[in-house]
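Enquirer: Sequence:
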Amino acid sequence: MVTSEFKLPDVGEGLTEAEIVEWHVAVGDVIKVNDPVCDIETAKSVVELPSPYAGVVQALLVEVGTEVQVGTPIIRIGDSVETSAPSPETSAPSHETSAPEPTPVETDTAADEHEQPLTLVGYGSKEDAVVRRNRTVSAPAAAAGTGVLAKPTARKLARDLGVDLATVTPEREDGVITTADLEALTNAPAPSETPATSTGGERREPIKGLRKQMGQAMVDSAFTLPHVTIWTTIDVTRTSELVAALKANRDFAEIRVSPLLIVAKATLLAMRRTPIINSWWDEAAQEIVFKEYVNLGIAAATPRGLQVPNVKGADRMSLVELGAAINELTDVARTGKTPPADQTGGTFTITNIGPFGIDGGAPIINPGESAILSVGAVKRQPWIVGTGDDERIEPRDVCTLALSFDHRHIDGEAGSRYLADVARIVGDPSTALLF
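If you read the sequence shown in the working numbering, its first letter stands for residue 1, the second for the next number, and so on.
Simulated from the structure, these hints should not be mistaken for laboratory data. Keep in mind that a hint or two might mislead.
Claimed, not checked - 30 angstroms max Cα-Cα, derived DSSO-like pairs, lysine-lysine:
hint	residue 1	residue 2
1	Lys291	Lys212
2	Lys212	Lys7
3	Lys337	Lys7
4	Lys337	Lys291
5	Lys337	Lys212
6	Lys208	Lys7
What the hints assert, rightly or not - Cβ-Cβ distance ranges computed for the label pairs, FRET-style:
hint	residue 1	residue 2	range
7	Asn249	Leu434	20 to 26 angstroms
8	Glu67	Ala362	30 to 36 angstroms
9	Gly388	Asn249	32 to 38 angstroms
10	Val385	Glu328	36 to 42 angstroms
11	Glu391	Ile207	53 to 59 angstroms
Don't be surprised by glycine CBs; every beta carbon is placed ideally from N, CA and C.
Please model the complete structure; the sequences and the hints are all you need to start from.
Expert: Shown next as structure tokens:
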């Protein structure tokens, strides 16, 4: 019997360890090359790992929530469901995740093909979804508590709750027990993605993965770059009117248009007059590196912490293209599955805190960049308009913009000029024609 063990690969970011977040397959599933087998959380994102082998899943060697080193076998795949003895270096699977007694399986054309492993692991092309075989579980086996089919997350939840899986009736036709079955049985919440402990009125969560990386990056930036923050509050009523007009425009029918899009375009146009904003202080080379392209980062809050994916070549995009790119970027970021490549190479960042109702703040510069713009909430406020005898107070849409920059090479004049240009465009988008 041919068996292969898939070892945790480096997915391309100098990975040394990662946590198994979720298994997409179970023992007995028939999979093909490139079928997704699990999600891992690295220091930058959650990455879906495709299988380099085709065959039958014989064992899941690592439990959900476990952090393992690169090179550690995580799944065993063979040409049948029968398990072989684990290799000496293979970590033993838990009792509950061990394979059930040999189960008759149907033959499958895909399963019969034992394909060679791919050189590139983690980003291979995807074909069809995981092929799952309907498996028959005998009633006596389930009653005895052996051979119970369950998702790894369900097994963990069952252990936490002290529930015997043999007493749970699955909703799925294939007999696999899910966390939803346990929730229905116990009214218990699904396990959090970050294991936590609660004792003595305190709740603790481990610092790891994306949150750990984010924390270190912020400390490094805050204590190595001399930050200066300036801000301005402006009347953005005309931007609000433009946003309303764009929403009615057929070219933007598939795009979520918001003031953020206009601000993003304004930041790109204003860089033409103050290119040092889009530069970087290279301490090792003792050089200021001026970037002739703009990879625009958009800070996004995700369940696993802050992510800053960036739009490559944003300065070359039309407003429609920029809007579509920002939509796609933020949608993926909220799932926590932004590819590492989309989180590297940023040259300037926007952090939009307006949706949280915050007027403004002093953002910390994203490492590797020299400036970051904070966009506050757009609020209806009384505002003085007109001059002289025509001066009056009117209700207007008002917003605060704040710019933090690296004061080693961006002086107050350059920073102020840049922020004033951004504010000028956002205050009256028609002035963009001047840039």
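Enquirer: Where does the structure disagree with the numbered hints, that is, which hint numbers, in rising order?
Expert: Hints that this structure does not satisfy do not exist here, as all of them hold.
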